[in-house]
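As a plain string of letters, each chain reads:
Number of protein chains: 6
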Amino acid sequence: MAKLLAAFVVLLALAAPSIAGDPDMLQDICVADYKSLKGPLRLNGFPCKRPENVTANDFFFPGLINPGNTGNAVGSLVTAVNVNNLPGLNTLGVSISRIDYAPWGLNPPHTHPRATEIIFVLEGSLDVFVFPRGLVHFQKNNGNSPAVAIAAFNSQLPGTQSIAETLFGAASPAVPSDTLARAFQIDGGMVEFIKSKFQHK
Amino acid sequence: MAKLLAAFVVLLALAAPSIAGDPDMLQDICVADYKSLKGPLRLNGFPCKRPENVTANDFFFPGLINPGNTGNAVGSLVTAVNVNNLPGLNTLGVSISRIDYAPWGLNPPHTHPRATEIIFVLEGSLDVFVFPRGLVHFQKNNGNSPAVAIAAFNSQLPGTQSIAETLFGAASPAVPSDTLARAFQIDGGMVEFIKSKFQHK
Amino acid sequence: MAKLLAAFVVLLALAAPSIAGDPDMLQDICVADYKSLKGPLRLNGFPCKRPENVTANDFFFPGLINPGNTGNAVGSLVTAVNVNNLPGLNTLGVSISRIDYAPWGLNPPHTHPRATEIIFVLEGSLDVFVFPRGLVHFQKNNGNSPAVAIAAFNSQLPGTQSIAETLFGAASPAVPSDTLARAFQIDGGMVEFIKSKFQHK
Amino acid sequence: MAKLLAAFVVLLALAAPSIAGDPDMLQDICVADYKSLKGPLRLNGFPCKRPENVTANDFFFPGLINPGNTGNAVGSLVTAVNVNNLPGLNTLGVSISRIDYAPWGLNPPHTHPRATEIIFVLEGSLDVFVFPRGLVHFQKNNGNSPAVAIAAFNSQLPGTQSIAETLFGAASPAVPSDTLARAFQIDGGMVEFIKSKFQHK
Amino acid sequence: MAKLLAAFVVLLALAAPSIAGDPDMLQDICVADYKSLKGPLRLNGFPCKRPENVTANDFFFPGLINPGNTGNAVGSLVTAVNVNNLPGLNTLGVSISRIDYAPWGLNPPHTHPRATEIIFVLEGSLDVFVFPRGLVHFQKNNGNSPAVAIAAFNSQLPGTQSIAETLFGAASPAVPSDTLARAFQIDGGMVEFIKSKFQHK
Amino acid sequence: MAKLLAAFVVLLALAAPSIAGDPDMLQDICVADYKSLKGPLRLNGFPCKRPENVTANDFFFPGLINPGNTGNAVGSLVTAVNVNNLPGLNTLGVSISRIDYAPWGLNPPHTHPRATEIIFVLEGSLDVFVFPRGLVHFQKNNGNSPAVAIAAFNSQLPGTQSIAETLFGAASPAVPSDTLARAFQIDGGMVEFIKSKFQHK
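Residue numbers (the UniProt record's numbering), protein chains in the order written: chain Z, 1 to 201; chain H, 1 to 201; chain L, 1 to 201; chain D, 1 to 201; chain U, 1 to 201; chain C, 1 to 201.
One chain only, chain Z, in its complex shape (with noise of 0.2 Å):
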């Protein structure tokens, strides 16, 4: 049992660490200090930058304005704006993405194991949508021209596993042909055959 507990952890290890279920701030502000860290030492979160060095900068993104590539398989892309591009975000508990949709394009079956989702369609109707934390959700376009939605987070990083990819497309170790055979109660070679379009991820 050890060696596929072992998958799962690797697994873990591999994936950029996220935050998520935020306890409450501990300061008026902490801004991430990304350098202060030196040597093997590293945090539940991120230390703060002394108040003398700290910006206006370090609470504003600039950076959403560009839509994202959506030429991949499943025709959509996430920007996310998080505690690791937006340093004022530490320790307060929010954080927002830029999701853009290619005609009929899909944000697949998805979970933030740390935050609940409250998304704002920029077309059209505008309408709102919520997705409880840690529960399966996707999105997809039902037009034939560009859609794009801002996504926001109670969480300074919510972390995300893509269902399809976390399990097809793991590597060092993949998780076993044999256990998702039996999982989704398809034969070898189909799960082969679906591991071999996660290959290059």
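Don't take each hint at face value.
[What the hints assert, rightly or not] Below 30 Å or equal to it, Euclidean Cα-Cα: the simulated DSS-like pairs (lysine-lysine) are: (1) Z:K35 x C:K197; (2) D:K195 x C:K195; (3) H:K197 x U:K195; (4) D:K197 x C:K195; (5) C:K35 x U:K35; (6) U:K195 x H:K195; (7) Z:K35 x L:K197; (8) H:K35 x L:K197; (9) Z:K35 x L:K35; (10) D:K195 x C:K197; (11) Z:K197 x L:K35; (12) U:K35 x Z:K35; (13) H:K195 x U:K35; (14) L:K35 x Z:K195; (15) D:K197 x C:K197; (16) L:K35 x D:K197; (17) H:K35 x D:K195; (18) U:K197 x H:K197.
For the record, the hints were derived by calculation from the structure and aren't laboratory data.
Model the placement of chains H, L, D, U and C on the given structure of chain Z, informed by the hints.
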């Protein structure tokens, strides 16, 4: 002292109760049921709809397409989508608002007692800003054309205290003029003058 | 888009509600009272028994001695002890399960949206493993004899999403086949074939 | 084993329920409404008064001027102001107590299961002390004149377990004498002797 | 808009960082170690002293016997005992303050972004009042003799925003006068006059 | 009073620090790195291993197969698996213990300041019991053969205070005998007698 504190308390009691500093959700979903509370019983938050009565529309809000009317003293209007009008948000710890600004319009200094705000400006550069929970902040449209922003909060009902109106516009009871005069170091006439501007609020 | 999201929402509404990300307890004890809610009123969590009605049995669950029936497609069965059958767990933020595995049995890939799991294998080395909250995990019995494990959770009702069944077994409404086809990069026939295996779930 | 655990559980059930490890407030205010619960329904915490019924007095407690009667076996008395007698404290996560000490009086070893205590000695140096949540602590008046202290807690109802009374004074059922004898490594006669001192508690 | 938001952010950066909305303690004790942070590293909260260096004095603050000097514009002074001067409070989620009032003195309208306050008036009736987290409040001494109160908070560092000073006294950068004029509906001269009173703050 | 409180505080300082009332995890994983802290720096919790250094073994504990040695005064032994010996538990909010009981053995009255305990008896009926956070509890083996139980906690390090040993076994400084005499209403000789039994602890 009791009388002055009464002013403080009744001022709150008149305000719409607002949810904030939200604890974690207690179910996959707990869609707010606005009708099941009979008699005087009021809860901390909302009760849940029975699962068989939950529909997709409980998680969907269509109403943000219309610009808010900014024809007011400050030249801005906030249209909120929170647990009071989107029942699916109950227990999920997020909400969203549309903010319209007239040219040179101001969303005046205010606080959200129980949520951090992340704001996304729809026009131009799609800039993103963040305002930490409980701290005084404001936005101003520095352009000569209307502007629109989307604000997301890590609370299902963040609560808002507009500073000037809270202090000078409160009624039954008002904040005593001598208190305001000493706090702002102005004379009583100036206090009455400012209060008169907030009379009809 | 609304229609697809509806699919997502109703899928939740059909699932048994699950408690998670539990806030701290609010009393020494708040034994779940399954009977006191009259009419349509449903709460976020459970109401409490009156103290004079609480007995030792509310904190005691005798039923884990019998092995679960593992004669199913995956060769495993989970027997849960949570706030739904051990009322004393209400507000206490813990629960426990017995997991039986047939020889070579699989507890297929799944997530617990609101709890970390720590598992204790009763046979052999009494190994202990931990699975972080919200992340996909699975266990497989690599032996030719039955196995038993005890899993503990830091939630009174952790919630479970079995990946394959959530995506391919959902009914009223089903996840659209074209969505699954694009997500897994397989053709519609393969999707229908997999769905057919989860028909009677 | 069930019988002994029953002793433990019923002992709790007899204690006044106490709030602790308080989650964040869910409204600006949720003044405890002691009367709106009809029939058997009991909640985790208290329901809220309707806003129009809230008054300044709900946030005001006048009663700490009178010294507590310290004519008892330990020479101290705690007068508590918590959510049970100051309804405005509901959901706010704080409470306060007045502690009176006779000369050489003792507030015997006890724990607060759900709050840290910060204590302010009114006499003399106005010293301040802090006792971490859940840890055994006590205070003793080392002087030959009465003393008074104010204790504040980060819970609306911290809960108190007085060690000696919990173990030797519990009734229906009592903690078994053989258990106490082995725990304190004394003989059964000594246990009965100590129990006799707590008989009328 | 960036420039105005910069004003807001730098204003925060100049304020002493304050702890609030405290998550639960992570150890029995984690006495703040003010000296162990070398170089630029700053944490969210404080690191802990090594257990062998902890002494009783880390949990003891003797300094509240002296009255605060109320010879200022508002006639009140707050003397705070929090994690910045009582290291044992680190991670414990409580703090305390002594508030001195001159005759007719005012503790002007302010908020604590991250704590509820419970206040105990030492003179006369020993009244108790509570102010919910994040909401504007004030106290006034309605008598012609000095008064003293003890305030307790459910945070190790509650943070304070004095409204008038935050808006009219901020420097580098100041809140723009046209913003204040529109917010309070007064002319620019009146704004400059009020600002002049807060110049030396 | 300071001296007595010192006794209390140093008593804590001598105890192994224990984690509890755990806030939510801040990453998918934050495997405790026991070695990266240089010099005097100590954190609230543990720092994280660099992801590339994480292995399956960080989430795996093999050591609970051996029975604990119950040859002691109470006839029981607790073998704990927590963040101190299973580094993958860091930030995950769970831990587990194996409890061995000699025939008629007692796990004496104690509290866990920061976790609820759910216990699973391996012998016989596999009964399950739960003990609410912070409350005094105990277990006794009522049979004439050894017994084993597995206890799970909703904290990565629950902390334990064994009542009798905390009060009568503390050294440097001891709890004063006159305090114990008055608390238990026994004479000083009896106190010294009980203390003598805990001398070598």
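field: Enumerated hints in conflict with the structure, sorted upward
entry: Hints 1, 7, 8, 9, 11, 13, 14, 16, 17 contradicted; others consistent.
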